[in-house]
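**Q** Quick note, the sequences are listed as chains W and U, same order. At position 18 of the first sequence (counting the first as 1) the number is 18 in our numbering, and the numbers step up by one without a gap. To convert, take the position in the second sequence, counting from 1, and add 1000; that gives our numbering.
Simulated from the structure, these hints should not be mistaken for laboratory data. Quantities reported herein were computed from a predicted structural model and do not represent experimental measurements. Some clues are possibly wrong.
What the hints assert, rightly or not - To give an idea of the interface, some chain W residues facing chain U are shown, with a C-beta separation under 8 Å as derived from the structure:
(1) S32
(2) Y39
(3) S43
(4) P44
(5) L46
(6) S49
(7) S69
(8) N100
(9) L102
(10) F104
(11) G105
(12) T106
(13) G107
(14) K111
Just so it is clear, CB atoms sit at the ideal spot from N, CA and C, and this is done for glycine as well.
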Amino acid sequence: QKEVEQNSGPLSVPEGAIASLNCTYSDRVSQSFFWYRQYSGKSPELIMSIYSNGDKEDGRFTAQLNKASQYVSLLIRDSQPSDSATYLCAVNDGVTGGGNKLTFGTGTQLKVEL
Amino acid sequence: GAVVSQHPSRVICKSGTSVKIECRSLDFQATTMFWYRQFPKQSLMLMATSNEGSKATYEQGVEKDKFLINHASLTLSTLTVTSAHPEDSSFYICSAEGGSYEQYFGPGTRLTVT
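My request is simple: use the sequences and hints to build the entire structure.
**A** Structure, rendered in structure tokens:
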């Protein structure tokens, strides 16, 4: 059973702080990793993808991947109230011939407080 | 880029009737589309993988005769919920696969069966 684990939160950070969201996964052969943001009542929105070990930065967002430790994280710098949402970690199936299914974590709720 | 639309956004139907939901990739072609269901305060649950020109692959526990999927073109997949019952009331979300296994989600369809 492939698993993607996230702390459900809520994670509360003050406005302007760095929010750190973490995710671990069980399937060692997973190759592709994604972070989605989901506002309440809305569908998920892709905000970051990462495929290689190390850091990947895009604006205020930085994704970090460590395949040896099987974790992926998302840092949000200068957090804004509009960042308040549930963040879903998703991992590619990784099975040869299994194609492109994603396994999603249950999400971490982030609250950015004024 | 990578815009996915869904129609309708909301639908209310009577128990025993069928409902069709359309998912379109507007600015790219998608060989593969996915259908998810999400209950309140729960994570996404993959229902099926839809491949253009071939039969859909259903996840374990999802009735293929109840949830009919057609992927007749590279930009359109449809999900038909047949003989809907109140327990089918949920948020149905499609996604289309772009490059590098990235999935782009439609805005979702909220189905209420009375």
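**Q** Next item in the hint list is Y39/W. Is there a CB on chain U closer than 8 Å to its CB?
**A** Status violated, d = 11 Å.
**Q** Quick check on S43/W please, does its C-beta sit within 8 Å of some C-beta on chain U?
**A** Check passed: Cβ of S43/W comes within 4 Å of chain U, closer than 8 Å.
**Q** Hold the hint about P44/W up to the distance rule: shortest CB distance to chain U must be less than 8 Å.
**A** 5 Å, holds
**Q** Does the closest beta carbon of chain U sit nearer than 8 Å to the beta carbon of S49/W?
**A** 6 Å, holds
**Q** Interface hint check: S32/W, Cβ to nearest Cβ on chain U, cutoff 8 Å. Holds or violated?
**A** 5 Å, holds
**Q** Checking hints one by one. Is S69/W an interface residue toward chain U, by the C-beta closer than 8 Å rule?
**A** 21 Å, violated
**Q** Hint K111/W vs chain U: min CB-CB distance below 8 Å?
**A** Since chain U brings no Cβ nearer than about 15 Å to K111/W, farther than 8 Å, the hint is violated.
**Q** Take the shortest C-beta to C-beta distance between F104/W and chain U; is it under 8 Å?
**A** 5 Å, holds
**Q** Could you check if L102/W really has its C-beta closer than 8 Å to a C-beta on chain U?
**A** Nearest chain U Cβ about 6 Å off; hint holds.
**Q** Under 8 Å, Cβ to Cβ, is where G105/W needs to be relative to chain U, so tell me if that hint holds or is violated.
**A** Where the cut-off is 8 Å and the nearest Cβ of chain U is about 7 Å from G105/W, the hint holds.
**Q** Under 8 Å, Cβ to Cβ, is where N100/W needs to be relative to chain U, so tell me if that hint holds or is violated.
**A** 5 Å, holds
**Q** With a cut-off of 8 Å on the beta carbons, see whether L46/W makes it to chain U.
**A** Cβ of L46/W sits 6 Å from chain U, so the hint holds.
Hints 2, 7, 14 from the list above are not met by this structure, while the remaining hints are.
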